[in-house]
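Trainee: Sequences and hints are given; from them, build the entire structure.
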Amino acid sequence: MNSPFTPNIENTTNTSMSTAKLRTHIRSLRRSLTPQQQAEHAHQALTHLISYLEHQSTPPQKIALFLSQDGELDTQPVIDYLWQNTDHALYLPVLERPNTTNTAGAPNAVGQPSTKMCFMCYTPESVMVKNHFNILEPVTPTVMEAAREQVVKPTLKSTLASVKGETMKPDSEKNSALNNKACVFQGPVEGCDLDMVLMPLVAFDLQGNRMGMGGGYYDRAFAFKLQADSQTKSQTKSQSTQPPNSLPQSPAPKTVPQLIGWAHSCQAVNQLNSEVWDVPLDSLITEKGLIEFK
Numbered sequence: 009m010n011s012p013f014t015p016n017i018e019n020t021t022n023t024s025m026s027t028a029k030l031r032t033h034i035r036s037l038r039r040s041l042t043p044q045q046q047a048e049h050a051h052q053a054l055t056h057l058i059s060y061l062e063h064q065s066t067p068p069q070k071i072a073l074f075l076s077q078d079g080e081l082d083t084q085p086v087i088d089y090l091w092q093n094t095d096h097a098l099y100l101p102v103l104e105r106p107n108t109t110n111t112a113g114a115p116n117a118v119g120q121p122s123t124k125m126c127f128m129c130y131t132p133e134s135v136m137v138k139n140h141f142n143i144l145e146p147v148t149p150t151v152m153e154a155a156r157e158q159v160v161k162p163t164l165k166s167t168l169a170s171v172k173g174e175t176m177k178p179d180s181e182k183n184s185a186l187n188n189k190a191c192v193f194q195g196p197v198e199g200c201d202l203d204m205v206l207m208p209l210v211a212f213d214l215q216g217n218r219m220g221m222g223g224g225y226y227d228r229a230f231a232f233k234l235q236a237d238s239q240t241k242s243q244t245k246s247q248s249t250q251p252p253n254s255l256p257q258s259p260a261p262k263t264v265p266q267l268i269g270w271a272h273s274c275q276a277v278n279q280l281n282s283e284v285w286d287v288p289l290d291s292l293i294t295e296k297g298l299i300e301f302k
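Convert by adding 8 to the 1-based position in the sequence shown; the result is the number in the working numbering.
By construction, these hints were calculated from the structure, which means they are not laboratory data.
Be careful, since some hints might not be right.
[As the list claims (entries may be wrong)] Computed list of lysine to any residue pairs in SDA-like fashion (alpha-carbon distance at most 20 Å, straight line):
{"#": "1", "residue 1": "K302", "residue 2": "P132"}
{"#": "2", "residue 1": "K138", "residue 2": "S76"}
{"#": "3", "residue 1": "K70", "residue 2": "T263"}
{"#": "4", "residue 1": "K124", "residue 2": "M136"}
{"#": "5", "residue 1": "K124", "residue 2": "M221"}
{"#": "6", "residue 1": "K124", "residue 2": "G223"}
{"#": "7", "residue 1": "K70", "residue 2": "N142"}
{"#": "8", "residue 1": "K124", "residue 2": "I143"}
{"#": "9", "residue 1": "K70", "residue 2": "K29"}
{"#": "10", "residue 1": "K124", "residue 2": "N142"}
{"#": "11", "residue 1": "K138", "residue 2": "L103"}
{"#": "12", "residue 1": "K302", "residue 2": "M221"}
{"#": "13", "residue 1": "K302", "residue 2": "S134"}
{"#": "14", "residue 1": "K124", "residue 2": "C200"}
{"#": "15", "residue 1": "K124", "residue 2": "K302"}
{"#": "16", "residue 1": "K138", "residue 2": "G79"}
{"#": "17", "residue 1": "K70", "residue 2": "E48"}
{"#": "18", "residue 1": "K124", "residue 2": "F232"}
{"#": "19", "residue 1": "K138", "residue 2": "L75"}
{"#": "20", "residue 1": "K302", "residue 2": "Q235"}
{"#": "21", "residue 1": "K29", "residue 2": "Q266"}
[As the list claims (entries may be wrong)] What follows is a set of in silico ranges between Cβ atoms, one per label pair, in the way DEER data are often shown:
{"#": "22", "residue 1": "G195", "residue 2": "N22", "range": "17 to 23 Å"}
{"#": "23", "residue 1": "Q44", "residue 2": "L234", "range": "26 to 32 Å"}
{"#": "24", "residue 1": "I143", "residue 2": "S40", "range": "33 to 39 Å"}
{"#": "25", "residue 1": "Q215", "residue 2": "N142", "range": "16 to 22 Å"}
{"#": "26", "residue 1": "S26", "residue 2": "E133", "range": "26 to 32 Å"}
{"#": "27", "residue 1": "F301", "residue 2": "R228", "range": "19 to 25 Å"}
{"#": "28", "residue 1": "S59", "residue 2": "P132", "range": "21 to 27 Å"}
The structure displayed is predicted, hence computed values, not measured ones.
In this text, a Cβ means the ideal position worked out from N, Cα and C, and glycines have one as well.
Mentor: The following block contains the structure:
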């Protein structure tokens, strides 16, 4: 590879197959990776993420990610590194719970599937329950009683002895840093409150399009970014046609968080069909490097 910022993604999958078949094919590809390949890819991707964070003029404070499964590029090394070596507050996605109450305490319609996703702070002390997709997520006291039988504590894995020559902090230092985090416990936050998001995906193309599992949760959570992009383009066009002494335009709309795809390079495809509601990625990290689309 040429550099951490110049990826070399080869053999992209042909997208002539149907969406369902493409999902099945890409999921099969990533599940076929050996445990050693999975570990190597996760370690390499982490080094690229660290480089990315070091190049940010304003380091992100609230970072959302996900718990990997089904052959996804492992996020546990990222979680371990950020917990033990930084002051970033970490968040996980949380779905409204069907047939009970949502994470904010409001009742859901009985029998209706969850359509909304928000984010909860995640620390080693978070209490975890499985949602209706069988994925662990942090809970608030509002749903604690209903979930009492499912409660699970996260396990901190020391999967990386060192990254870039840095030694992990001992437990005493780690616990001290965690206790000082502002997010040790607070209620759910919306996507617009985050600074950076590592996003799961099934497939991606080199134009920044992302294919998820088809539920639309991330597209709904970050739909405001589509409006922000549209307003930014409109303002740019308007400003280019204004006379020199005209009044200044309103400030650019909020475009954070940065949406960063997190995937194996084998998940690349030639081109994905994009719908008007699909929220594109700002960047992408694989084991081969980082791509910035904007």
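Trainee: Evaluate each hint against the coordinates.
Mentor: Structure-based check of all given hints:
no., hint, in the structure
1, K302 to P132, "34 Å, violated"
2, K138 to S76, "14 Å, holds"
3, K70 to T263, "15 Å, holds"
4, K124 to M136, "19 Å, holds"
5, K124 to M221, "15 Å, holds"
6, K124 to G223, "10 Å, holds"
7, K70 to N142, "25 Å, violated"
8, K124 to I143, "15 Å, holds"
9, K70 to K29, "36 Å, violated"
10, K124 to N142, "16 Å, holds"
11, K138 to L103, "10 Å, holds"
12, K302 to M221, "24 Å, violated"
13, K302 to S134, "35 Å, violated"
14, K124 to C200, "14 Å, holds"
15, K124 to K302, "27 Å, violated"
16, K138 to G79, "19 Å, holds"
17, K70 to E48, "26 Å, violated"
18, K124 to F232, "14 Å, holds"
19, K138 to L75, "12 Å, holds"
20, K302 to Q235, "16 Å, holds"
21, K29 to Q266, "30 Å, violated"
22, G195 to N22: 17 to 23 Å, "45 Å, violated"
23, Q44 to L234: 26 to 32 Å, "40 Å, violated"
24, I143 to S40: 33 to 39 Å, "22 Å, violated"
25, Q215 to N142: 16 to 22 Å, "32 Å, violated"
26, S26 to E133: 26 to 32 Å, "44 Å, violated"
27, F301 to R228: 19 to 25 Å, "21 Å, holds"
28, S59 to P132: 21 to 27 Å, "26 Å, holds"
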